[in-house]
Amino acid sequence: MTNKTMIAAGVQVRRSPAGLGICALVALALTPVADITADIGSGQFAEARDGGGSLLIDAGGETWGAGWGDVNGDGLPDLWLGEHQYTPTILLQQGGAGGFSDVIQSAVLDPNPHYRDDTHGVAWADFDNDGDEDLFEACGGGAGEAAGGGSVQEEWRNNFFVNNGTLLVELAQAYGVDYPRGRGRTPLWVDYDNDGLLDLVITALQTSAAESPSAIFRQQISGFTEVTSQVGFNAGSCENAMLTHLTPDGAPTLICGDTSQIGTIYDISTQPFTDIRSTVGNDIYNAYPFDLAISDFDGDLDFDVFAVVAPPNTAAALRLSTGDRIQSTLPPSASERGFSFTAPGDVTLTFGWETDVTQVSLGASGVNPPPEADPGLVPGNVWPHRLELTLSTSDTTLMGLPASRSQGIYVGYENGRWQVRVVDVDYGVNVLAVATGISTPQAFGSVNLTQGNPLPPILFENQNGLLNRTTNSQTFLDPVSAIQSFGRSVIPGDFDNDMDVDVYVGATGPVANVPNLMFDNQGDGTFRVVSAAGGASGHLLGKTDVATSVDFDLDGCLDIFVAQGAYPAPFSYVAEHQLFRNQCGSNHWIEVDLEGSASNIHGIGAVLYATTPDGRVQVREQSNGTHKHAQDFRRIHFGLGANQEVDLEVQWPSGVVDYFSDLSVDQVVLLTEGSGGTAPSYTLGVDDVTVSEGPAGQEAVLTLTLTPAPGSGEQVDVAYQTVAGTATAGSDYTTTSGTLSFLAGESEQTVTVPILDDATPEPSESFGVQLTSADTNAATGTVTILDDDSGSGPACGAPSYDPASDRALFIWNDCGTDDWHLRITGGGSGQYVNHVGSLVADAAFPAGSVQGVSVEPNDTLDIGASQIDFGLIVGGIYEDGIDFSLASGASACLELTSPTTLPVLAGANRMVVDPQVEIPGFGACGGGSTFSLGVDDVTVSEGPAGQEAVLTLTLTPAPGSGEQVEVAYQPGAGTATAGSDYTTTSGTLSFLAGESEQTVTVPILDDATPEPSESFGVQLTSADTNAATGTVTILDDDSGSGPACGAPSYDPASDRALFIWNDCGTDDWHLRITGGGSGQYVNHVGSLVADAAFPAGSVQGVSVEPNDTLDIGASQIDFGLIVGGIYEDGIDFSLASGASAC
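With the UniProt record's numbering, you'll find the sequence shown wraps up at 1142, consecutive numbering, no jumps.
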């Protein structure tokens, strides 16, 4: 037996008997390495060049997707670069010397007919198991033309290039996957039915019922058959499909995301597929991710999700810092808007390929440009257009603008500036102005001169299947200003081979490129920003389309390819795609190709675990590298740090588990299904334990058993580590870790964890003790801590509440009976929310005792013998509910699963209880109950001298005979300052038997300085009841003016308000509405009415999306801004000199 110490948590990779599976390991490359390095360096990446200094990939132009495969089976990655609609696709095949050559004409049979195909994402795979990789390319149904009906046009069809060993032959229609009326986006190869044949998911953008939705095609011997409805795949409009494993049972998971929102997440191991939103939770659905990176970022062997968020497009005009150019995008609007600029010489003005000469009017006479101004993107082609104008002040036809501008695009020279105006055009107008010395643009109408507000990425930590959205401060160690961007594409990878997964973000704004970002994992799922993305920050010309990962040169360092040609033209015309070579240092690595036998040929859906001698365990999954519009190279990569060997476990989709032991590092290996070693013979077990939290000195003792006991001369080492659950390390138990040994003949050992006692009534809590070993399975024991503190609960009888103003779940019983009432109130909210939960009793409800109250057809109420499941949609001034009775002596568990932020108020005294609570005792389900402490907020004037703030504390119920509850009080933080606004006051007061009310008095200090109202808190803590905080607001009593000029400090993720301010010394004003982290997206409706016209071009929307409204008149602005989450919308405007507005 070996004697390795294991300290990692989660699934354990076991060592197989020596010598097994060696025939399945085919070494493809070997690069010796030496010293250990850590962290991603600022110059670690550089554009890949050959020995003569030439770029290895020298290509440009518009793109929509890219995918790495191996077209000729030589083990070297090749790149398919989809050039969207107007130029031939590029197929870059890698030669042995490391260079790339475009072989599209020689590798594809007759590629020219696909010249106009509206191509999008691609996915390589050997679907027919013949040893050659084939390629599926999703096409967009003629950019939606297919929705108009009529006969199918060839360019509407998807492309399926089947590799016959010599050529790629397009056979989509023959195989039944051409799907011409679907606006294809990202294809995904899966084997959902686990028959060894790869099936195909084709995601599709669906903007109308006439367009086909996303679909799934099952492969059979004769070809593919659409089975979308049969398997329950109801994704509808979806642009991104990804395969992963999110649930605790390890079932394959399919994620479908629309343009910027997750639509569905399915467990695809069942038929029909199972929607697992109830498992993963709502956090990821309430975010707006553009692309996802899925990996184990925090080292707990669960797959987490790192999401980048792209703010919506907005009307903007921006001068780039490079290239002497202005780029502008102007979405459809009935109101005229545009921009103006100056330039010392001639200007080249280029439009996107939607614009033709008939839509452009030049000068005051409004003449159209000549036909030769639009030669097409390639001469001789009319569509797509490439309208290009030369603007010169010597051209008299360009002077002025038409007096009447009702519909179209207007270009002219007026008031000493070049003017570009757009009004009532039914598509987004994209325009590029290039001239030496071109000025910064001036906006006309609602046009931003910036790209709007960048947003930070989001990490969703997988907690036993629940995707929990972390906060910025929990995940990122840099300020928000350093991490926020316009995320477009994201890839995970261990870019420094230090055994944790880093993240690279390809970024571009709505109008122009911004630098890409690299996030270096600190080993625990927290990240630091790497300066200049480690050298891969990218070009600022063009617009980032996709980022992909590949070790193209087989040196064990993950390289990065970025396609810079994102739609729309004309910004993509100057795109230069970039391959960044990673010079990652001397840490070790291993890369893995899989070959299935019972499973599909690539092992797509497999999960791999790597165990190293330092006791660390890493996990990867074979997802075929697919993410939005892109495919990373399929080969699986592990960074190994200083380790010199590695054990691999492969869990194949078929259920076969292979173990490969003592593999050398710094090589690429091919692992074949069924050829690895067998599972180890030892079995490790551990019993769960339950203990009381007291008395002091309490311990939890877990018994470990090993079967069989080690033989003579053998030893099995087991590492143990406490892991958090509902109990908290440091306050409920002492963190404990170490290693114990089973020697020859020993089959039992114990682990002891100290338990910490307190005096706070609380529900039962638990934590885990994880066990790992190089010689046996992993295991986890659970310790449950029972509370030993007393307390009483809510009073019987109905509470007093108003459905029009109180928003809560109320639960109470009629005094002296087992009759109960549950009510959920709208509280006047304009949002109608589905309140989901259950009541589970330990005995059947009495016959006929359960009745719904105001339950409408769109509500759900499922009544079982001893369980009630409800989904009650409530808002406005209304209330829904349930009346029920418990059997004599019975109890029930009430659980509100969504929304979890809704207060649950129990009894006539409206005591706050947990969303999961036991009745009638009102403790945690199976636990006890507590006193309830409340305190009223107070408002006082700062004067006259001697002013005091008196806070009233209430305790419910009053202590009984012989009981006493002590409460400590002290001031808390606020905008008021101790010593100048109030006197610091702290102490302890006691509620004796029968006492339910006490007061705390804080002296207020008067001054003569005009200032805004200020506040501070009085914090209350007790070992016998809940904590509470009362707020004291101090009103200024000195004369002075209103709010101070200048921007306030606020955080959109936590502050929920409307902010309004002006820039000091100016008439420039700013209005912002912030979401404050709320899961509810509310429409904020209002107006700004001025007594004089707003200065021309001064009104601009900020982060105004298509579902918002912003109507700008001469002296009135009407708005309806839908805001929630961590976002903010707003308006920038100026007032005329001396004017005012309401």
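Everything labelled a hint here was simulated from the structure, so no lab data went into it.
Since this is a predicted model, take the numbers as computed values, not measurements.
Any given hint could turn out to be false.
For each label pair, taking beta carbons as the anchor points, the in silico distance ranges come out as [unchecked claim]:
1. S737 / S54: 48 to 56 Å
2. G52 / G1046: 53 to 61 Å
3. L1058 / D249: 41 to 49 Å
4. S829 / A759: 54 to 62 Å
Beta carbons are placed, not taken as given, at the ideal position from N, Cα and C, and that holds for glycine.
Here's how the hints hold up against the structure:
Here the CB-CB span from S737 to S54 is close to 54 Å, well matched to the stated 48 to 56 Å. At about 56 Å, the beta-carbon gap between G52 and G1046 stays in the expected band of 53 to 61 Å. Between L1058 and D249 the C-beta distance comes to about 46 Å, which sits within the given range of 41 to 49 Å. Hint check: S829 to A759, Cβ distance near 38 Å, so the stated range 54 to 62 Å is violated.
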